[in-house]
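When you get a sec, could you build the whole thing from the sequences and use the hints?
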Amino acid sequence: MPHATLPSPGFQALILCGPGASFSTFTSTPQDIPKALLPIANRPMVWYPLEWCYRMGLTEITLVTPPESLEAIEAAMSQNPHLTSLPAPKPDILAPKDLTHETGTGDLFRLPEVHSAIKGDFVVLPCDLVCELDGTALADAWMIEQAGLGAASGGLNQSGRIPMGMGGEKIGRRGGLGVWFQTKGEGSIKGEETDFIATTPLPAPIVPPPSDSLRRDISKLVYTVPTDTLKDITEENKSFPVRHSLIQKHGRIKMLTTYRDAHIYFFPYWVVDMIKRNENFESISEEVLGWWAKAGWQEGLGDKLGLREIFHGAESPDGDLDASQPLENGIDVSSLSSTWISNYVNTITTTEFTRLASRVQNSNIPQAAKMLTTKPKLTIPPILAYIQPSGPSHPLIRRVDTAHLLLTVSLRLAKLSSVEEVGKEEASPFAHAAKIAHKQTIPKRCRVEAENSLLAENVVVEEKTNIKESVIGANCKIGEGARLLRCLLMDNVEVGPNVQITDCILGRRCKLEGGPAKDDEKTILKDCEVQDGQVVEWGTEAKNEKFMRFELPSDEDENAGFGDEAFGDGGEGISI
Amino acid sequence: MPPKGKKSQAANKPKSGEDEREAPLQAVILADPFETRFSPFTLERPRCLLPLANTPLIEYTFEFLANAGVEDVYVYCGAHREQVEEYISHSKWKSHLSSPFAKLEFIQSTSHSIGDAMRDLDTRGILVGDFLLVYGDVVSNLPLEPALAAHRARRAKDKNAIMTMVLREVGTHHRTKAQGTKPVFVIDPSNDRCLHFEQMPNREGKHFLSLDPVLLSDHREIDIRQDIIDCGIDICTPDVLALWSDNFDFQAPRKGFLHSVLKDYELNGKTIHTHVVTDHYAARVRNLHAYDSVSKDIVSRWAYPLCPDSNLVQGQSYRLQKGNIYKEEGVILARDCIIHPKTVIGRGTSVGDGSVISDSIIGRHCQIGRGVTIQGAYIWDHASIGDGCVVKKAVLANEASLGRKCTVEPGALISYGVSISEGMTIRGEHRITRAKRKRSHDEGCIRSQPDTSIVGIGGYGFEFEDSDEEDEDEIVDGLVTRGHLYNLSDLALSAESISTLNSESEDDFEPSHQRSEAGSFVSIGSVDSAASQHAANFDHDAAASIYDSLVEGHESANIQLELTSLRMSTNASEHQVRRAVVVSFVKRLAQLMKSGSSVRDAVAQVFGQHKELLDRIMFDKNSSSKVDQVDFMVLLQADLAHRESGDSILLSAATKLVEMDVIEEEGMVQWWESHKSSDEEAMRKVRAKTQQLIDFLNESSEEESDDGEEEESE
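Protein chains in written order, with the UniProt record's numbering: chain A, 1 to 576; chain B, 1 to 714.
Please note: incorrect hints may appear among the correct ones.
The calculated DSS-like cross-link candidates involving lysine-lysine, where the alpha carbons are at most 25 Å apart (straight line), are [as the list claims (entries may be wrong)]:
{"hint": "1", "chain 1": "A", "residue 1": "Lys464", "chain 2": "A", "residue 2": "Lys518"}
{"hint": "2", "chain 1": "A", "residue 1": "Lys238", "chain 2": "B", "residue 2": "Lys255"}
{"hint": "3", "chain 1": "B", "residue 1": "Lys270", "chain 2": "A", "residue 2": "Lys238"}
{"hint": "4", "chain 1": "B", "residue 1": "Lys255", "chain 2": "A", "residue 2": "Lys249"}
{"hint": "5", "chain 1": "A", "residue 1": "Lys249", "chain 2": "A", "residue 2": "Lys304"}
{"hint": "6", "chain 1": "A", "residue 1": "Lys468", "chain 2": "A", "residue 2": "Lys415"}
{"hint": "7", "chain 1": "A", "residue 1": "Lys304", "chain 2": "B", "residue 2": "Lys206"}
{"hint": "8", "chain 1": "B", "residue 1": "Lys206", "chain 2": "A", "residue 2": "Lys238"}
{"hint": "9", "chain 1": "B", "residue 1": "Lys322", "chain 2": "B", "residue 2": "Lys296"}
{"hint": "10", "chain 1": "B", "residue 1": "Lys206", "chain 2": "A", "residue 2": "Lys249"}
{"hint": "11", "chain 1": "A", "residue 1": "Lys231", "chain 2": "B", "residue 2": "Lys263"}
{"hint": "12", "chain 1": "A", "residue 1": "Lys231", "chain 2": "B", "residue 2": "Lys206"}
{"hint": "13", "chain 1": "A", "residue 1": "Lys238", "chain 2": "B", "residue 2": "Lys263"}
{"hint": "14", "chain 1": "B", "residue 1": "Lys611", "chain 2": "B", "residue 2": "Lys689"}
Simulated from the structure, these hints should not be mistaken for lab results.
Spelled out as structure tokens, the structure:
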């Protein structure tokens, strides 16, 4: 991978291999094939975030998975040709014993195994992320906007905890960074999950960022809530309330309704502490981000979340080695720059304020007044948002967590030019070596549109087939005269002769029985999902259906009858 | 700058042909915004003629219109029409030779609000095409062509795009922005459509902005912007006037018209757009705070070419010196006076030995004595300041004079012709005038006497009091920001109002909380936590109506009738009724006392006449716990806690109430014992004097309540 020569960006990556509740058709047995191993354009899903990490030079990668899927993932990591081709070192796989498929992402970080695995600043990724955008660019942006001195300060090292404040949390640096992408536009799906976010622009830097920098699209997150929750709020209040304190604090707020959280988070180490302190943070995207964003403008909320203890309390650890040279104040990085007018000036006054407060602590001023003076303003490091501008020219970022998205993203990836066409330099990181693994095996009298299809190894294509905009997994067999349009075939699928399928997803080892071309009752499937190992008999016409195991026994006799006929006619069809 | 004006007009003429625009661009100047924010100065002069950096406000507006290529100008006059006409007729704008305008006309009317003015304009039918609507206090150097072009392009596409507001982006904090009541614009950036408008703090005392969920589902991207100066420049179509006419209850252009039209988008289908500019200068001198900051902007040359040395008015001869000091010819400065930067001094002004002037604007022919310190002040023409005075952040109008060794504290306003005698100190909240209000029920005879406690013996002027002001539901920015009006209330946020961690649904729906004291002068009495909007209006309306009745001496029964109907229509609680009564009674008391009556007389006059009314708001005569009476007394006590000599008023009021048997002895004692009356420091303080009454009541609980009289005389 290209960045092997660069120093490590100082992050560790956590890839959360979650359940995949929306893939009920394909992930019914998580022991066997967990969501993370579902193929997207013939590669296991988890390959994409792993590749993303290696591409940006992250090598300290931890896969977090429930114990029941551990075996399958371990096996895949050592056997799957795509996963084994990833560079060394291999990712660690962590399967905390209390982790189930129902555990929220927030709870996950409170599990002792996960908690102790995090040693410094970290990146959180979902397993279903397809992100063409280079992570280095994001890390760059984070470092410019948020990194403190010694980028990875805070956290654990051999001698114990590294004191907080060194990186600048006290002065409002070292916040987080998240990524949001537009769901509307080309290839959008109706009803796709979206998040409602509100952001405010960062103060304009004196030196404008270069035109290709992501910093142009980075703003500060001030509010986030999934669209469903937003609906609840608006239904309850008959309107959407926006607090005045938010508007007071930020003169310009942009609210976006069609973007979605990519679940790529760059977090400094203290976020783990915040999650640990707040037991009711169930998920990262909703609670952690939501509360953190709000704490930035709601006076007092930061205290409620225990951030004061996290930032300021860490200074008096019990006999810590590093604390032997205590830092009086956090280093205000911005004050070291001669070109940056810092808006942290008030922190200087607040620190004085603290000192004053400690001197007058024992005097008999009223309690309320004391409360005011002893609590200096708490500066909350911001959570930044990279909002990807919409437009076809921008790199692809998608979360693949529904069957429909699986299909569209696979098909979109299938359109990428292969390495053999454009060369290694030009090709997208997700390009395959070749669109059709074995070109020579494709018979002459058939039509396979290579520019928008992908055929994996060992695929057998018989004559007179028509394959358009489809992705076909390894070891598949496409019978004579079959027509495939916008389909996704996982491994070992058998499509019988003269079957017509459009917009379908076929699970592993499933079989669509074929029949003669002239038969009146052909198998025509549209918008269907077929579960692993299913057999769909000849003559089935279906639209928008799911073929799953429990449906199997119905109408067996009837179908069998058709099947016989179909085979009989089949011979005829071939002869013509 | 007449040459520039001409040029731009000349440049615009061929352009108008290209735009297929036959009608010349028309503009309406609302010379009188029907507000009292510049009181007491506006009692004698129209607002648009007040000097801003020694140039009348309306000059800036004309300059702006001339640059924008406007041809026909209609000046809509309100109060002091003669003065405006007189001034403009003699200015360069009216003369045929130098005026860039083809037409400059005055419109006279009897309107009392902008709404009336707009409806009046509609009936006159003089505006045929798109027109500019500006106020007589706009200061701007921005070119309007892009905004006009955008407006016309939108208009060509969609006939329903009826209005374009020109707004200037300034950032979250800017001195020229409105400080008290801030406008919040909700805009769809894809087509610049304004979706929602609200002011904050809002009328209902709510602490959040309410967005229609439809907006969220219909628009992908929404900007909520408060980083904007609303400079009051609107490009309107005649449809706007029609809309004003259709809705006869619209009064204010933003919180009335704009808010309602946007809210009723479903009904009328009209869209209003914004044009946000990021460079050039644009501001409105809408209140004293803005007056201060715009003056500073002009002196600091932010509004270039609108600055003193451009000499906008004929006969001016300002020249710029180092450090933004502008001096006209003929300024007489003593050798050892010090003029600091950012100062403007007009012709004929003389400054005496050892005086120090900084950040100030001084008009023509002013006499400034020796050893005077002037800092951040606005001294208009012909004012005179005696030796050794100190004037900071104040306004001295024309011909005002200060005797020797006076001190004028920040925020004080001294109107035309007022004279302050030697050695007086004028505190920041004073507004001193000589003019009477032409109002029927104002006690003119009392007012024409100088108030020697303020202006000193031999001085002339009295404290200005404006009854209108209390009606204003916006925070009006004074010259000096008195505390952090709004920020304070943020501090007072109770812990509950911070988002709760557990209930996600309640998140962002905070209980409206008590405003802090500083904020509470916005409306009379702060709104109860659970009070609905209606009930909130009740507080305000009821208190105002009772107060008016008290002033005009209506009968108790009539007041009672009106109060009942108000209460019914808004579903207000008994507690609110009592509060309204207390608020208005105390206000009347304060007014009477100010005009010279003693505490006792005032109490007798206000409370004595309205036993019937008081009886009808407390219903616990027959029960043993006198909840209503206690409530009434607590309210009275709380209100008086912030008044001058509240303790003695409370004593005599309590005595009177017992004497009238409105509050029974038990009620009084229960009140004394209730924790509400002794919780806070201020509350304890104000009731201290009433101790004697309670002692008396406790002692002679057997005796008749008439004996309260004796107690009072002690």
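Taking the hints in turn, this is what the structure says about them:
This hinted pair checks out: A/Lys464 and A/Lys518 have alpha carbons roughly 14 Å apart, not beyond 25 Å. A hinted pair counts as satisfied when its Cα atoms are at most 25 Å apart, and A/Lys238 with B/Lys255 qualifies at roughly 21 Å. Among the hinted pairs, B/Lys270 with A/Lys238 is consistent with the structure: their alpha-carbon atoms are about 23 Å apart, no more than 25 Å. Restraint check for B/Lys255 and A/Lys249: the C-alpha separation of about 22 Å stays at or below 25 Å, so the hint holds.
Using a Cα cut-off of 25 Å, the hinted pair A/Lys249 and A/Lys304 holds, with the two alpha carbons roughly 19 Å apart. Between A/Lys468 and A/Lys415, the direct Cα distance comes to roughly 11 Å. Compliance with the 25 Å bound is thereby established for this hinted pair. Between A/Lys304 and B/Lys206 the alpha-carbon distance is near 23 Å, which keeps this suggested pair within the 25 Å criterion. For the hint pairing B/Lys206 with A/Lys238, the CA-to-CA distance comes to about 15 Å; that is within 25 Å, so the pair holds.
Proposed proximity of B/Lys322 and B/Lys296 is supported: the alpha carbons are some 16 Å apart, at most 25 Å. As the CA atoms of B/Lys206 and A/Lys249 are separated by approximately 17 Å, the hinted pair is consistent with the 25 Å bound. A C-alpha spacing of about 20 Å is found between A/Lys231 and B/Lys263, which places the hinted pair at or below 25 Å, so the restraint holds. Taking the CA atoms of A/Lys231 and B/Lys206, the gap is near 21 Å; set against the 25 Å cutoff, the hint holds.
The straight-line distance between the Cα atoms of A/Lys238 and B/Lys263 is roughly 14 Å, inside the 25 Å bound, and the hint therefore holds. Using a Cα cut-off of 25 Å, the hinted pair B/Lys611 and B/Lys689 holds, with the two alpha carbons roughly 24 Å apart.
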